[in-house]
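Residue numbers (my numbering), protein chains in the order written: chain A, 386 to 497; chain B, 4 to 122.
Note that these hints are calculated values from the structure, not bench results.
Accuracy of the hints is not assured; some may be wrong.
Mimicking EDC-like on lysine to aspartate or glutamate, the simulated pairs with C-alpha atoms at most 20 Å apart in a straight line are [unchecked claim]:
#1 A:432 x B:110
#2 B:46 x A:470
#3 B:55 x A:437
Distance ranges between label pairs, derived from CB positions [stated by the list, open to error]:
#4 B:10 x A:457: 19 to 27 Å
#5 A:457 x B:46: 20 to 28 Å
#6 B:4 x A:416: 33 to 41 Å
#7 B:91 x A:446: 46 to 54 Å
#8 A:446 x B:22: 19 to 27 Å
#9 A:445 x B:90: 31 to 39 Å
#10 A:392 x B:60: 29 to 37 Å
#11 A:440 x B:122: 43 to 51 Å
#12 B:78 x A:448: 26 to 34 Å
#13 B:122 x A:470: 35 to 43 Å
#14 A:442 x B:47: 18 to 26 Å
#15 A:482 x B:4: 23 to 31 Å
#16 A:398 x B:6: 36 to 44 Å
Calculated from the model, a selection of chain B residues having no Cβ within reach of chain A, i.e. all distances over 12 Å [what the hints assert, rightly or not]:
#17 16
#18 20
#19 22
#20 31
#21 57
#22 70
For glycine and all other residues, C-beta sits at the position ideal for the given N, C-alpha and C.
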Amino acid sequence: QSALTQPASVSGSPGQSITISCTGTSSDIGGYDSISWYQQHPGKAPKLLIYDVRNRPSGVSDRFSGSKSGNTASLSISGLQAEDEADYFCNSFTTSITPAYVFGAGTKVTVL
Amino acid sequence: EVHLEESGGGSVQPGGSQRLSCEVTGFTFSNYWMNWVRQAPGKGLEWVANIKPDGSETYYGDSVKGRFTISRDNAKNSLSLQMNSLRAEDTALYYCARDYNASGSLDSWGQGTLVTVSS
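Isolated chain B, as found in the complex (with noise of 0.2 Å):
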């Protein structure tokens, strides 16, 4: 059974860093893009950031490029998100996602953990 689970929520101060990590199982990491997408509270979805199977290609939503880095680690089967300079703005909760076929078909999530960003 495809499983994904995210941690590394929780509360830190505007212009602060925290790095979200998702574990996952049950299927053949190194072979899938992956994704992580946020939801604001009672707000709608958000992409943030891709990575390519093998790791060498990125991409980033404008939001959060040159603040966010997306990397994993193939042989640990797990995703990260390096998250630096938050701003209120990035309070959500985070979820990562499996691209089903390379081609945005988010067919897997996490539970999602969440970020809030105050002072």
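Here chain A stands alone, though its shape is the one from the complex (with noise of 0.2 Å):
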């Protein structure tokens, strides 16, 4: 399974808003709707932040969002702050070649 494809790096100030993009093929993003987004900190294990391309778990701030559009899926933060500043990686079900998950390759956010 190749990974997704993701930007290395994103940078916004703060309260602005950004978007990560994730994308890959009709054989994962494009074919499902088992898509997530999470959100992880130096030293620390990855969180959860959206599910099933745009639902938010309980406890996840309004300001992170997600959607999907043809073979790409996207993470948009708004309001950002210096907390945001971590990796984000995506992840889909594929079926490329057998049942599995696939990860992207994660985005460094830098909030300036």
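Taking the hints as your guide, dock the two standalone chains into a single complex.
Here it is as structure tokens:
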């Protein structure tokens, strides 16, 4: 399974909005809604931010939102805050060879 | 409170074997798909394997297929990963994670156990 494509880095100033893309194929992102996003701070375990394309778990700020168009999923962060500086990973169900899951390579978000 | 705790990591020589365990508390283990996810030092996340709640189905990432085996003991609330024929590229922090809704939504994670494959 090939990793999903994410930009290596995205940056923004406090209060701004940013969007992280996650591009796959019709065998993963384009074909299924089992798409999730994770935030990871250094030395910490990943945290689920978005599941099933656009749903937020209880306790996750509504500044985080997810969407999908064709073979590309997106995570948007509005009202950027210093604590949002972290690595972000997308994940999708895939049937490229056998049923499995695949992560994106990750995006480093920097708050300027 | 949901809690997952991995153990069994350590140093192993190439070609060797290692068995990881994940003990869980705070939820009905037998109701959930469970996963192993790994992260090489300074790298991104890589999905390794998952297992159905009753243990009847297992799936693996291409890089570990045929070498790793995921299993579970619902009576002991325990998840395992048997790793054989280990390679240097298997060096990583291994996390166990709960799948919240059987669609890859990994909502609970342990802190990970480090496996180092080196001669």
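Here is how each hint holds up against the structure:
{"no.": "1", "hint": "A:432 x B:110", "in the structure": "holds, 7 Å"}
{"no.": "2", "hint": "B:46 x A:470", "in the structure": "holds, 17 Å"}
{"no.": "3", "hint": "B:55 x A:437", "in the structure": "holds, 19 Å"}
{"no.": "4", "hint": "B:10 x A:457: 19 to 27 Å", "in the structure": "violated, 39 Å"}
{"no.": "5", "hint": "A:457 x B:46: 20 to 28 Å", "in the structure": "holds, 23 Å"}
{"no.": "6", "hint": "B:4 x A:416: 33 to 41 Å", "in the structure": "holds, 36 Å"}
{"no.": "7", "hint": "B:91 x A:446: 46 to 54 Å", "in the structure": "violated, 40 Å"}
{"no.": "8", "hint": "A:446 x B:22: 19 to 27 Å", "in the structure": "violated, 39 Å"}
{"no.": "9", "hint": "A:445 x B:90: 31 to 39 Å", "in the structure": "holds, 36 Å"}
{"no.": "10", "hint": "A:392 x B:60: 29 to 37 Å", "in the structure": "holds, 35 Å"}
{"no.": "11", "hint": "A:440 x B:122: 43 to 51 Å", "in the structure": "holds, 46 Å"}
{"no.": "12", "hint": "B:78 x A:448: 26 to 34 Å", "in the structure": "violated, 42 Å"}
{"no.": "13", "hint": "B:122 x A:470: 35 to 43 Å", "in the structure": "holds, 38 Å"}
{"no.": "14", "hint": "A:442 x B:47: 18 to 26 Å", "in the structure": "holds, 21 Å"}
{"no.": "15", "hint": "A:482 x B:4: 23 to 31 Å", "in the structure": "violated, 37 Å"}
{"no.": "16", "hint": "A:398 x B:6: 36 to 44 Å", "in the structure": "holds, 38 Å"}
{"no.": "17", "hint": "16", "in the structure": "holds, 27 Å"}
{"no.": "18", "hint": "20", "in the structure": "holds, 23 Å"}
{"no.": "19", "hint": "22", "in the structure": "holds, 21 Å"}
{"no.": "20", "hint": "31", "in the structure": "holds, 18 Å"}
{"no.": "21", "hint": "57", "in the structure": "holds, 17 Å"}
{"no.": "22", "hint": "70", "in the structure": "holds, 15 Å"}
The structure shown violates the earlier hints numbered 4, 7, 8, 12, 15.
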